[in-house]
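Chains as they are written, first to last, in the working numbering: chain A, 381 to 705; chain B, 683 to 970.
Treat the hints as calculated values from the structure; they're not laboratory data.
Don't take each hint at face value.
[Claimed, not checked] Where chain A lies over chain B, by a calculated footprint (3+ residues, C-beta under 8 Å): (1) 802-808; (2) 826-840; (3) 852-865.
[What the hints assert, rightly or not] Simulated pairs of lysine to aspartate or glutamate, DMTMM-like, Cα-Cα distance not exceeding 25 Å: (4) B:K860 to A:E697; (5) B:K831 to A:D550; (6) B:K932 to B:E846; (7) A:K551 to B:D753; (8) B:K801 to A:D550; (9) B:K801 to A:E482; (10) B:K720 to B:D750; (11) B:K720 to B:D876; (12) A:K604 to A:E697; (13) A:K576 to A:E600; (14) A:K551 to B:D798; (15) B:K801 to A:D548; (16) B:K860 to B:D876; (17) B:K720 to B:E959; (18) B:K860 to A:D550; (19) B:K831 to A:E414; (20) B:K831 to A:E600; (21) A:K551 to B:D750.
Owing to the predicted nature of the structure, the values given are computational and were not obtained by experimental measurement.
Quick reminder that beta carbons are idealized off the backbone N, C-alpha and C, glycines included.
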Amino acid sequence: MAATLSPDSWQYRQLNANTPGLNYLSDALIKLAEAGHPVVAGSADLQYSNGLARFAARFPDRFIQFGISEQNMVTAAAGLATTGMVPFVATFASFLGLLCCEQIRMDVAYCGQPVRLIGHHTGISLGFYGASHHATEDIATMRSIAGLTVVSPADGPQLAAAIAASVDHDKPIYFRIGRGREPIVYPDDTAFAFGKAIAHGCGEELAIIACGLPVHPAIEVAKKLNAEGRSIGVIDMPTIKPIDREAIIEAASRARVMMTVEEHNIVGGLGAAVAEVLCDEGMGVKLVRHGIRDEYSLIAPPTHLYAHYKLDAAGIEDTVRAIIG
Amino acid sequence: MRSVSSSNYAPSAGQVARLREKARFIRLETIRLIEIAKVGHYSSVFSVAEILAALYYDVMSIRHGEPDWPDRDRFLLAKGHAAVGLFPILSEYGYISKAVLDGYTRLGNPLGDHPDMRKVPGVDFSSGSLGHALSAGFGMAMGGRMQGKDFHVFVVLGDGEMQEGQVWEAAMAAAHHKTSRLVAIVDRNGFQLDGAVDDVIGVEPLDEKWRAFGWEVHVVDGHNLYDLTTVLRKITADTSRRAPVCVIAKTVKGKGVSFMETDLGWHLGYLAPPDAERAVQEIMSREI
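The following block holds chain B by itself, in its conformation from the complex:
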């Protein structure tokens, strides 16, 4: 799908291929780490694998080995239960050691189901309780502005999370205060724990809601690295904007593993060895 027209912001074929490898790495590491805990949110990571890859390996301004660099772009995983897909990235950036990564969820290890800023270098804000992170991101954007810094703040939210009232408190405040460096990315994978989002408590029309709240809205295929990267590059390059931005990423829960894509029971689960092998094979062989 090439819905976004080619522009100066478009990634090259080589760049897209590299990001595709990173998304593959995120999925494979997720399976490997959840094998340690024997239960985890595979499909919640798989829907944001391309988003994480585009942000961490292309769009965000961050430095290897310097998780506290004051001018870095901030990243908040509002849907904290996808943290197992974030930790391998932080390890690649040298923020956490391989030994710590491999001790995922074991007694005393800093890595659990949700990201914890007090324990994990590179985590810009703790999450776990849904609905909070956009407020925190708004505060960071205000803090950056007050100090004359021009970092961006990226917040990845779940679509079920749109049911939390605090999200809309933050949305209203961010638009009012024109925090144009705040970027919300909604992982519109369509599912939450109790079923399809539209059956639980419908959130549509999502784009119109964000627009009505005063945000600039982009709707993209959240697995199309070309589109995703182009849009995000464009957003960060635009210095004239006076509004925060919402990217609604249309995604598939469990993307990359066919039997997860069609079975919503995989919100939380465990891939026993034969299934895990099948999943790994699919991830290795399929091109997203």
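One chain only, chain A, in its complex shape:
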């Protein structure tokens, strides 16, 4: 069960050179395990990609290598949970959110097992790996599964805080995380509460609601434009389900236009979740859903893709200026 590649080896260092954010996952789990929490980590042949090798080196008996068998991993995690363990199983978000959909629905969520699913390298962060490795539908599939909490942290500290908070959360959770290159938004001691949005200023011209990686550039754009005298607020919505309805209602009652930003198809994702709340509440505010426009993302290095899909700061700024004039 032990890791075969030491975290001190050059291979491991190379794998992690550009992904410092990955350590947050393992370190948060190590903290839980050290505190006596019955966590188990599982990986499907990606322990260096998701950084769980670090946890495996520290707690070899609490790490399960599943090999390339994601569906087996998800169902086995549910079985483990029935015995009182709390499994965190990780693989690429594209595999969890689509390949393992039925296992997540039937074995984890329907059975009500407190499994923690970690879908990493989400969105288009895998760049030139292409559509098979891009996860632009996982919010849509996961949030349609009853009983599943869906969390998309903006950065490593928020992920760590969410994992710490999960000790008191007895429901299954899907964590949608990046590849560890996300710019840091929050300090290491940031707080996290499931179902609670975090407001970064309130806007009268535009309220941006974002989750995951685009939160950082959205905040930067708002800062820049507000310095020009505009009024733009950003709401970080890390819990997509259950969504913070009150935060949406409040933002919609102040802002002339709403905008969502997500590294996901605009069909079924954060934008759709926000639209549902606005419709339910009869709020006629205009909502611009910004993200992947119902297409299969192109092949390119990640930074090129973020620029192409206007999900970086420059792209978000362009989009915002086009909306508010």
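Following the hints, complete the assembly by docking chain B onto the known chain A.
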């Protein structure tokens, strides 16, 4: 058939007779309950009646009235459509009331075509979608090991289910991680919904497949309570084994009712009263 040599593990004649009565009880209750729903998987239960009887009334370590006893042996019915044969057992163990049992499939009742762990005490894992349960059982065996518990996990799978890829993912992982307390029992009754398993998508050589995946394999007559009980007792008593175990139980779909044994159309059906009476009479009079 006495293919397994007598040993310390062999049940006495009295024990076999008692298990035979339990298997008869399972078949009769299945007919009674399906009469409520007016459709059900009789023959899928009949092929595993002896397996269920041996496990629940001899082999498994479980406690009456304590479905959540943490050290209990676990049971997973991968072929969940045979749940109608499991519910009467759970009722006998005091996990579900007679009133609930008698409300099988009625609006709001927890008992449906497949076992549901959230609704039915004593069901260790929900099933219905084939191919999942061995993975769940593997996870339970890993969880037991991590906590220093020595319970066994029994998973009863259908032979058509061998066509599901996830079964083999679990088989590979369980052997790799040496979950020696995981016991898969394959109900080799030879039939699935679209016909004979060998005609639909052949699964043979089954014993060689499991062996090649690193499992200890036993092939038994799944209706011979003497052999079945002996093998299962032996498996649970062996603490030196370092591999999971697969028992391939050669069975007959619809066993116990002659007109079901020869007609594969009985995978899913309804015994109208005259046929039901015939079936009950046969079950009462025949010795399996």
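Ascending list of hint numbers which this structure does not respect: The structure conflicts with hints 4, 10, 16, 18 and 20, although it agrees with all the remaining ones.
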